[in-house]
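*Asks:* Please build the complex by placing chain B on the supplied structure of chain A, with the hints as guidance.
Protein chains: 2
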Amino acid sequence: MSDTELHEDTPAPESELDEDDRLKPEFVSAVLEAVAAGDAEAARARVAPLHPADIADLVELTPAELRPALAAAISDLIDGDVLAEMNDWVREALVDALEPHQVANIAAELDTDDAVAIIEDMDFEDQREVLRALDPDDRAAIEEALSYPEETAGRLMQREMIAVPEHWTVGNVLDYLRADEELTTDFWEIFVVDPAHRPVGTCMLSWILRSPRAVSVSDVMKREQTLIPADMDQEEVALRFQKYALISAAVVDSGGRLVGMITVDDVVHIISEEAGEDILRLSGAGEGDINEPVLLTVRTRLTWLFVNLGTAMLAASVVGLFQGEIAKFALLAVLMPIVSGMGGNAGTQTLAVVVRALATNQLTESNTLRMIFREFRIAAANGATLGIAIGTGTMLIYGIPALALVIAAAMVINNLIAGLAGVLIPVTLDRLRIDPAVSSAVFVTMMTDVMGFLSFLGLATLVGIGG
Amino acid sequence: MSDTELHEDTPAPESELDEDDRLKPEFVSAVLEAVAAGDAEAARARVAPLHPADIADLVELTPAELRPALAAAISDLIDGDVLAEMNDWVREALVDALEPHQVANIAAELDTDDAVAIIEDMDFEDQREVLRALDPDDRAAIEEALSYPEETAGRLMQREMIAVPEHWTVGNVLDYLRADEELTTDFWEIFVVDPAHRPVGTCMLSWILRSPRAVSVSDVMKREQTLIPADMDQEEVALRFQKYALISAAVVDSGGRLVGMITVDDVVHIISEEAGEDILRLSGAGEGDINEPVLLTVRTRLTWLFVNLGTAMLAASVVGLFQGEIAKFALLAVLMPIVSGMGGNAGTQTLAVVVRALATNQLTESNTLRMIFREFRIAAANGATLGIAIGTGTMLIYGIPALALVIAAAMVINNLIAGLAGVLIPVTLDRLRIDPAVSSAVFVTMMTDVMGFLSFLGLATLVGIGG
Numbered sequence: 019m020s021d022t023e024l025h026e027d028t029p030a031p032e033s034e035l036d037e038d039d040r041l042k043p044e045f046v047s048a049v050l051e052a053v054a055a056g057d058a059e060a061a062r063a064r065v066a067p068l069h070p071a072d073i074a075d076l077v078e079l080t081p082a083e084l085r086p087a088l089a090a091a092i093s094d095l096i097d098g099d100v101l102a103e104m105n106d107w108v109r110e111a112l113v114d115a116l117e118p119h120q121v122a123n124i125a126a127e128l129d130t131d132d133a134v135a136i137i138e139d140m141d142f143e144d145q146r147e148v149l150r151a152l153d154p155d156d157r158a159a160i161e162e163a164l165s166y167p168e169e170t171a172g173r174l175m176q177r178e179m180i181a182v183p184e185h186w187t188v189g190n191v192l193d194y195l196r197a198d199e200e201l202t203t204d205f206w207e208i209f210v211v212d213p214a215h216r217p218v219g220t221c222m223l224s225w226i227l228r229s230p231r232a233v234s235v236s237d238v239m240k241r242e243q244t245l246i247p248a249d250m251d252q253e254e255v256a257l258r259f260q261k262y263a264l265i266s267a268a269v270v271d272s273g274g275r276l277v278g279m280i281t282v283d284d285v286v287h288i289i290s291e292e293a294g295e296d297i298l299r300l301s302g303a304g305e306g307d308i309n310e311p312v313l314l315t316v317r318t319r320l321t322w323l324f325v326n327l328g329t330a331m332l333a334a335s336v337v338g339l340f341q342g343e344i345a346k347f348a349l350l351a352v353l354m355p356i357v358s359g360m361g362g363n364a365g366t367q368t369l370a371v372v373v374r375a376l377a378t379n380q381l382t383e384s385n386t387l388r389m390i391f392r393e394f395r396i397a398a399a400n401g402a403t404l405g406i407a408i409g410t411g412t413m414l415i416y417g418i419p420a421l422a423l424v425i426a427a428a429m430v431i432n433n434l435i436a437g438l439a440g441v442l443i444p445v446t447l448d449r450l451r452i453d454p455a456v457s458s459a460v461f462v463t464m465m466t467d468v469m470g471f472l473s474f475l476g477l478a479t480l481v482g483i484g485g
Numbered sequence: 019m020s021d022t023e024l025h026e027d028t029p030a031p032e033s034e035l036d037e038d039d040r041l042k043p044e045f046v047s048a049v050l051e052a053v054a055a056g057d058a059e060a061a062r063a064r065v066a067p068l069h070p071a072d073i074a075d076l077v078e079l080t081p082a083e084l085r086p087a088l089a090a091a092i093s094d095l096i097d098g099d100v101l102a103e104m105n106d107w108v109r110e111a112l113v114d115a116l117e118p119h120q121v122a123n124i125a126a127e128l129d130t131d132d133a134v135a136i137i138e139d140m141d142f143e144d145q146r147e148v149l150r151a152l153d154p155d156d157r158a159a160i161e162e163a164l165s166y167p168e169e170t171a172g173r174l175m176q177r178e179m180i181a182v183p184e185h186w187t188v189g190n191v192l193d194y195l196r197a198d199e200e201l202t203t204d205f206w207e208i209f210v211v212d213p214a215h216r217p218v219g220t221c222m223l224s225w226i227l228r229s230p231r232a233v234s235v236s237d238v239m240k241r242e243q244t245l246i247p248a249d250m251d252q253e254e255v256a257l258r259f260q261k262y263a264l265i266s267a268a269v270v271d272s273g274g275r276l277v278g279m280i281t282v283d284d285v286v287h288i289i290s291e292e293a294g295e296d297i298l299r300l301s302g303a304g305e306g307d308i309n310e311p312v313l314l315t316v317r318t319r320l321t322w323l324f325v326n327l328g329t330a331m332l333a334a335s336v337v338g339l340f341q342g343e344i345a346k347f348a349l350l351a352v353l354m355p356i357v358s359g360m361g362g363n364a365g366t367q368t369l370a371v372v373v374r375a376l377a378t379n380q381l382t383e384s385n386t387l388r389m390i391f392r393e394f395r396i397a398a399a400n401g402a403t404l405g406i407a408i409g410t411g412t413m414l415i416y417g418i419p420a421l422a423l424v425i426a427a428a429m430v431i432n433n434l435i436a437g438l439a440g441v442l443i444p445v446t447l448d449r450l451r452i453d454p455a456v457s458s459a460v461f462v463t464m465m466t467d468v469m470g471f472l473s474f475l476g477l478a479t480l481v482g483i484g485g
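From first to last, the protein sequence lines are chains A and B.
Read in order, the letters of the first sequence are residues 19 to 485 in this note's numbering.
Read in order, the letters of the second sequence are residues 19 to 485 in this note's numbering.
Derived from the structure by calculation, the hints contain no laboratory data.
Please note: incorrect hints may appear among the correct ones.
[Stated by the list, open to error] Straight-line distance between alpha carbons at most 30 Å, and here's what the computed DSSO-like set of lysine-lysine pairs gives:
1) A:Lys-240 x B:Lys-42
2) B:Lys-240 x A:Lys-42
3) B:Lys-346 x A:Lys-346
For reference, chain A alone in the conformation it holds in the complex (with noise of 0.2 Å):
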């Protein structure tokens, strides 16, 4: 695999881009009229200053239908770096109507991490043909990468880094990097190694370069290192990586041995996606990917409405327990809403804070119960102050005192509840080791629908409003 070149980066010209570093419509519009008409050349020339990014970008803004032909139109400027930064959907559609040679071709120029993403995602067989059509380094290094589960280290890794011996000096390294033309070009530090090429320290370059080249390695180099085991998840890379402020890491093998290293770069896009998820997750909107087919999405999306209608069922089943008291005094059916959606909008707080505390690490065994007691008194002062507007408005409009004070008790109860379900439900199921963003929003609301219709439905029937 030979290295990426030195001046490849070339950032879009300003002005194709708006504020955002979004590219602006017109241009996109501009490039998909050319290539409509036909006219190739045209499309290729506005598209060729693009930084990968861009052009990746443009490719996803393109209509589905249109995307063969723009790709046709400026094949040549898809390479792996675009295509590394392409969505997987848009990616995997483009790559599968490429021959497997020209996807060796592609996968021959790029860092190994890279080349796996592109590789990863297709077909058992064409994967096979691609295989064969690299040669034998870069094989045994994709193999190897593929060898490790997806959404772990070892497929986030490269193995293209630079691995010194401990005895060596920072004149013996300047050399090695000088003299090796096989070597990398694009690293941040370099890791020392013990002969069984077990990692010992860590060196940034700029430790190198400031120091005499007769000064020995291991005078220079970090000892405590944040070591990457293969197998671990790429959440926890992203977590280690964001936490200790690291700019690259050694990765290892069960056996302790320097397998490859990741920068921070790659994990970037993860660490971004694992927060962006969460909002995703608890909606039940999937991955949200707005590039995966529809009917995938439809299915996502369906399996979580179907359980909410279960609990929509569950809490009406609640309304059905009172229809006597509801045919005698309609005025209930009118209220009761704004009880369970009062709670369902408390708790969908508190789960939300919750959810991103157990994500970030901030909420853990240590402080759980300072965190409940904490959303219980925000949940006293929320319910008492709502309790008190509700059943003032109450009175104020239907001048019925045992309506006021059923409907404020009611909601003071239901914000209760809210906040408890909204700390206890997630917090026990992160400790039963499930994520809390996927299921905790049904339960929630479950919890704060059941319990609002039940709490004023219920007191109102105790106090005899609808007799």
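*Replies:* Positioned in the frame of chain A, the structure of chain B alone reads:
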């Protein structure tokens, strides 16, 4: 401002951390017990081997009332690196307890960006006193950083960096780096500037290391660079780092002169925060910071809950229009929350996807129409499926064909409303430059509640079910 030393970063010994890199609760309790027992020596001994990020976590995990005692016991361990890693609220309380000259000593150790982060939250008077206690160079650097608005690149950047003229050779650079003791030791790239100190190129250290001494810097550097204006908002800085996979970037003033650099480790937490805050904003939980004072949290959440109370009352008033029908046929009150609730769930799904797609620049003007069409198709498919399911269920349970048809039709209508509102509302707010994450949910829920009740109760009235 002296540079940070080489070997300072000590990751915590594995044993004190669980598999998710969180401090084990036993460890936290042991330290806090030692503190409570007045055994500062024992507490300090346990904390000393921890990484600064873990010491910051320990302080955050400690109950607020115990933090002063912990801080006193491990005061020499709470250095600038620990403070830089700490939650804003927790840090502010700690820093408030220190004398200005202590803060100045800590700030003097740090790079500009970290020093600014600590000083910017202080009262104006205290800030002045800390600045006076600093030596003139440090003071000037920090004062200039503070002159940029909060949350801009100017606050985020550090002034410690390496800039060299373009006529230098690789050899000149090496000699310069080795000779000048005062230079920063931690950097990943060097910046090449013209005589007016405007950046003309960037050079990865690995390219310098791999080039012979005689080569000119201008032949090694990359001319195309992503420059960051000093007044750019930090969110945009983070998006730019993410999009172009930057490790460090030059910050320029309005005259295009190099004034500082931002490194990826300074923006990684912003990337994560920005991605994670949508879930908090969408639920109306504000910053969702669990270290925020409770009263502030109550105020933020109540504001949002009161807005929702308004929409809940609006929805209730729609139900109020049909009191007569409900009194005659209370089953309507039992089933109506299913229609409104399911619309709310479907709307939230669409909303979450659209808010994320807007935040990640995947949804732009170029593909908005396609997105609306996509969500419409999904809503139609989901609505039809759910409508058939609930219609069939209603028929089986209650045996009233008209009621089954009405609830099925209302379900379809409300799903379509949910899908359209879920796209159109956030997209419109985004065009108006209003953060869609903050204000969309209340409008979407209002639409699905109102239209859910209106379509179900209205259709029921039309076909004469209540009569």
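*Asks:* Check each numbered hint against the structure and report the violated ones by number, ascending.
*Replies:* none
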